[in-house]
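Following the hints, put chain B in place on chain A, whose structure we already have.
If you're matching them up, the sequences are chains A and B in order. Going by the numbering used here, the first sequence opens with residue 1, and the numbers climb by one from there. Going by the numbering used here, the second sequence opens with residue 1, and the numbers climb by one from there.
Source of the hints: derived by calculation from the structure; they are not laboratory data. Hints should not be assumed to be uniformly reliable.
Stated by the list, open to error - Covered stretches of chain B, going by a simulated chain A footprint (3 or more residues, C-beta under 8 Å): (1) 139 to 145; (2) 187 to 193.
As the list claims (entries may be wrong) - Facing chain B, a subset of chain A residues (Cβ under 10 Å, in silico): (3) Asn48; (4) Val49; (5) Arg52; (6) Met67; (7) Cys90; (8) Leu204; (9) Leu207.
To be verified - Computed footprint of chain B on chain A, listed as stretches where at least three residues anywhere in the stretch have a Cβ under 8 Å from a Cβ of chain B: (10) 54 to 65; (11) 94 to 104.
None of these values were measured; they are calculated from a predicted model. C-beta atoms are modelled at their ideal positions from N, C-alpha and C, and glycine is treated no differently.
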Amino acid sequence: MAKWGMVIDLKKCVGCQTCTVACKVENMVPPGIFWNRVYDYEIGEYPNVTRRFLPRPCMQCEDPVCMAVCPTKATTKREDGIVSVDYERCLGCSYCELACPYRARTLHKKKEYYYGESTPYEDFSYELRAPHQRYMVGAASKCTFCVHRVDKGLAKGLSVGQDPEATPACILSCIAKARYFGDLDDPESEVSMLVKDKKGFRVLEELGTDPSVYYLTP
Amino acid sequence: MVMEKQHSWGWQVVMDVFLGGIGAGLFLVSFLLDQIYGPTQLTNVGSIIGPVLVLAGIFFLLIEVGKPFNAPRAFLNYGTSWMSRGVILQPMLIALGLLYALLPLGFPDIKTAAAGIVIGSLAALLAVLVGMYHGFLFSQARGIALWNNPLLPMLYFVSALAGGAGVLLLISPIFDMGVILSQLGALVTIELVLLCLVLVSMWLLATVRPSRAYRESLRRLMTPNFVGVSLLIGNVVPLVILIISLFVAGTTAYSALLAITGVLVLVGAYHLRHSIVTAGHHYSLEISF
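Only chain A is shown next, with the shape it has when bound in the complex (with noise of 0.2 Å):
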């Protein structure tokens, strides 16, 4: 069984959010929520500054703490290490949220549209999304590395992270190609040759949660 995993390359992310806005228009993300950001850091001091981007999607951590803490067994860890979570059994009680350490968990408090009053996009039948996209209020969400693509991709027979079928979104959309997706117990894989080679890292390691994103130095 694969293990997924993302490889995100900080030498060439350019910070421009696109991955965050692909994210939010695959996912159908309703307002407020961000499954993907990219935080935006100013290092040193004036006159000396320069910036740095992180992208943060969820990181599918192989202990995640969000599961363990959560008291309606709402979410879950597939065999493939993608977390997820059933919106019908949350309990909302966002303690998933504060256990996250990379705050990749949001609570859907209120329903809100993006300009004020229901659009067509906004209002498409739940009954046609992927479950992961019927959202519901009151219950917490987070990136699910387009699950949906993944399996259907696999469905299909591709290359899951190769083939554009097979491959999340925010690594579709990366502009300066600074994402790679893959099975991380394949040691041939693009990913794993990345961490390998690259002496790739994850963020906030020492609380052990044994992330699935891994981090490439600028």
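Here is chain B on its own, set in the frame of chain A:
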């Protein structure tokens, strides 16, 4: 260091943690006084109010969550989630605590009989667990540096005991308590000293913990507001009053001083929890570029 303040949990959680902790502490102190000095009106009332306060805390938690109708599912993940464990422990404490408190209405001497002692002991054990539970609940939130702290269960437990005894002190002038009142004052003194020691240990932990985020969180916790209300009004001043009260023992002023102490201890217990909730900051995701 960029650390964002947590906004997920607000005043409702503070109320839950305050009422739940104080309720558990109140029941535990009442039960212990029952067993040591025999049941009194004060401890009878205390053992009823305790479980009711825990119930009130659960009410505040329910109005905080997004989908309260899913609450019946909240016990499912007891294997790993402290929230699930709390969902199981608190109703058990309420049920057994009220049983212990109300059984004497039908069976007047049951509190000192074997059945009463067994029921009360089980409820007291649950009260100990509930008193610590909120600390475990917070410390499991690994994303918040200040909360992810092994000393929080002890801090909440000692504060719950002090707060529970504080409620008894507060209502004590209504009842004729005699000698038990001075024992209660001594108990509160010990609990407040322990509370100070646990708080100092939290600071000492910063010296052995490599996390910059934890040290930064402690710095943000130490506001003048926290020092003034949680530490001085809620801890130091009550200790001073308790010492002064020893010189006026047996007088009307003595009862009044103890009641004032009770109020101050409760103010401190609430403010301590409020401060810990509001001082919660997420880890900084900043990395060394």
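Could you check the structure against the hints above and give me the numbers of any it violates, in ascending order? 2, 3, 4
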